[in-house]
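Protein sequences appear in the order of chains A and B. Under the numbering used here, read the first sequence as residues 1 to 214, first letter to last. Under the numbering used here, read the second sequence as residues 1001 to 1469, first letter to last.
FYI, nobody ran anything at the bench for these hints, they're computed from the structure. Remember, predicted model here, so these are calculated numbers, not experimental data. Certain hints may be false.
What the hints assert, rightly or not - Under the rule of at most 25 Å between Cα atoms (straight-line distance), these lysine-lysine pairs were calculated in the DSS-like manner: (1) A:Lys178 / B:Lys1245; (2) B:Lys1250 / B:Lys1225; (3) A:Lys185 / B:Lys1245; (4) A:Lys174 / B:Lys1245; (5) B:Lys1314 / B:Lys1358; (6) B:Lys1421 / B:Lys1409; (7) B:Lys1095 / B:Lys1076; (8) B:Lys1421 / B:Lys1346; (9) B:Lys1245 / A:Lys187.
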Amino acid sequence: MARRILSYLEAERLLSKSGFPLVKSVRSSDPGEVARKSGKLGFPLVVKAIAPNFTHKTEAGLVVTSVHGTYELAQTLAELGARAKKIRAGKVEFVVQKQLSGAEVIIGANRDASFGPTVLFGLGGIYAELLNEVSVRLAPLTVEDANGMIEETKAKRLLGKFRNFSLDEKETAKLIIKTGSLIAKNKSIQEIDFNPVFTDGLGCTIVDERIVVE
Amino acid sequence: MKQKQKLSHSGLETLMNPRSVAVIGASREPASVGFGILKSLVEGCVLRSAYCKPFLGRVYAVNPHAEMILGKRCFKRISDVAEDVDVAIISLPAKIVPSVARECGQKGVKALIVVAAGFAETGGEGAKLQAELLAICKKFKMRLLGPNCLGILRPGSNYNASFALSAPPAGQIAFVSQSGALADSILDWALSERYAFSSIVSLGNAADLDAADFLEFFEKDDQTKVITLYLEGLDDGRRFFEVAKRVGGKKPILLLKGGRTGAGEKAATSHTAALAGDWRVFQGAMRQAGVALVDSLEELFDTAKTLATQPRAKGNAITVVTNGGGAGVLASDYCARLGVNLVPLKASTIAKLDATKKMHPAYSRRNPLDIVGDALPQRYEAAMEVLLAEEYVHGLIVIQTLQTMTDAKRDAEAVVRMRAKYPSKPIVCVFMGGHYSAPGIKILRDAGIPDFNDPLKAAKAMAALCGAS
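Please build the complete structure, drawing on both the sequences and the hints.
See below:
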């Protein structure tokens, strides 16, 4: 079987079925409808154009953040529609999400040739590449394993002290364990990227995901 | 993940505790491997050391062209041996190893050690040869160590089936190495540093028996208290992880990983045909399994020696006695960094120290306990005694800097007395210096008390003993 990245819809279906905390969003191929539905989300918003042919949304310029107000939303939807058409993205849908604030972390999973399914936790956002603060464990994991992963990085100290965001350790550990179970139980899943995951002291929310299957 | 079909465990048991060993390819040429192996079995080792003793089981030499080597009558083939043969160690060129292995299988040999290089580590043809050898072993239910390995040493039972240059003292450390040459060098080091081993196993290409198999063996081996490993890569990391997690709960496992960097990984591939895994995954897996990763060979064996000779601390409340302020300050710094808790001394303890009437008026009255440069053995002994007798003190680091009046020999004797009197509390020493502290250091070494030349090493040893992290 060939390796492929799950589409936005497939990934969303898989994750919500398994009870993963996904960011609140509305979706439609009709810009008018998506604008109406997003009224209940509140501003600011993140607006994305998704299409089966395009998995790298950001690189293709199909993601716009910090959208304030209904006028700006309508304008953004129109722009994204035009951009998607220009690059022949195929049948386009619009996704509108609430833009979150909080500490950003990365949670991912992978299959190692020797050790089998592994889970990764690390600092997200600007720290991800700058500090390379990540820890790895083998899946499935216990609560102690997940706590050890958080402990091992500077996530707690950095996110607490310098940015006034606190890491919800309990919920983060839960999400790490859940990610481990997902890859350990589903042989077809090769890679999982939850990047970023926002955590604000009151829980965790997956904002963007990328799942590779084979 | 490469899943190996596992052969019987009794074969491994026999490999490690055989009653009879045959050397196939025994040689008359003193500079050859085939001669060295036979000599190791017949005399105990190639280069004599105080620890060389002949193997007590039966030894057979197989060489179709010789009559007698090292007092052993030579057999033309393994099939000419009338009695049972448990282990055959084959020292012949790779090309003819499979046919000799088949003869061993037909003879009913339980396990093979193949020392020759020229198998999977050389690629294509060699890999085919290794697969053929493994298939023969499976067919006849023989366990295989190697190919491309140094062999096995079990000093406690005078079993030296290797061409190692000498034999180390018998002790409670098991060492499993993916590099044969490294194992060989460790032996020489062991003779001077008194690292004492239950076993040294060189895995070679690990075609059949691998690191996880030996973890399982040492889990149940009464001679082994601490397991040390040098590994470059693992074909089946998951199985090693599962086994290590279980065994580590019973006996400490210490591991040094080679091939952490890109350059190292390349060297590892050409070295034992094992692919060195990604360091971060490896590190995470070992932490999860409770395997202690160390940074150097010295740390590997220093920590192992400490864990093999000292009781585990009941908790993390350690005291330091020193006759030098600077060394005490360094020890505190290192302990803090490594998570070793230097416990504050209670007023009642200070009162007891005062009551000995042996303390200097200017002694520190706190932990680290600086008993001042002019400390003589009686003062050392009084201080150690008061501290070790305290219930809340779980372990002791003894530092001795060299001053004009220092009596290293008698200080060491006092430490040895305390070791005997308080058997449940670990003691680690730092007798700093060289020439003039040597008599004291020798006494500590002979008594199996870890002694280091630097407070950092002592702090690391104590961290391992009190489970600090």
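*Can the restraint linking Lys1421 of chain B and Lys1409 of chain B be considered satisfied, given a maximum Cα separation of 25 Å?*
It holds: about 19 Å lies between the C-alpha atoms, which stays within 25 Å.
*Given the proposed pairing of Lys1095 of chain B with Lys1076 of chain B, does the C-alpha separation stay at or below 25 Å?*
Given pair Lys1095 of chain B, Lys1076 of chain B holds - Cα atoms ~19 Å apart, limit 25 Å.
*Would the pair Lys1250 of chain B and Lys1225 of chain B pass a check requiring their Cα atoms to be no farther apart than 25 Å?*
Holds. Lys1250 of chain B to Lys1225 of chain B sits at ~9 Å (cutoff 25 Å).
*Is Lys178 of chain A close enough to Lys1245 of chain B, meaning Cα to Cα at most 25 Å?*
This hinted pair holds, its Cα atoms lying about 22 Å apart.
_Holds or violated: Lys185 of chain A to Lys1245 of chain B, with C-alpha atoms at most 25 Å apart_ = holds, 21 Å
*Given the hint that Lys1421 of chain B pairs with Lys1346 of chain B, test it: the Cα-Cα distance must not exceed 25 Å.*
Cα-Cα ~22 Å, so holds.
*Mind checking the alpha carbons of Lys1245 of chain B and Lys187 of chain A for me, to see if they're no more than 25 Å apart?*
holds, 24 Å
_Just to be careful, I want the Cα atoms of Lys1314 of chain B and Lys1358 of chain B compared with a cutoff of 25 Å; is the pair within it?_
The given pair, whose Cα atoms are some 29 Å apart, is violated under the 25 Å limit.
*Is the Cα-Cα distance between Lys174 of chain A and Lys1245 of chain B 25 Å or less?*
The hint holds at about 22 Å.
In this structure, the one hint that does not hold is number 5.
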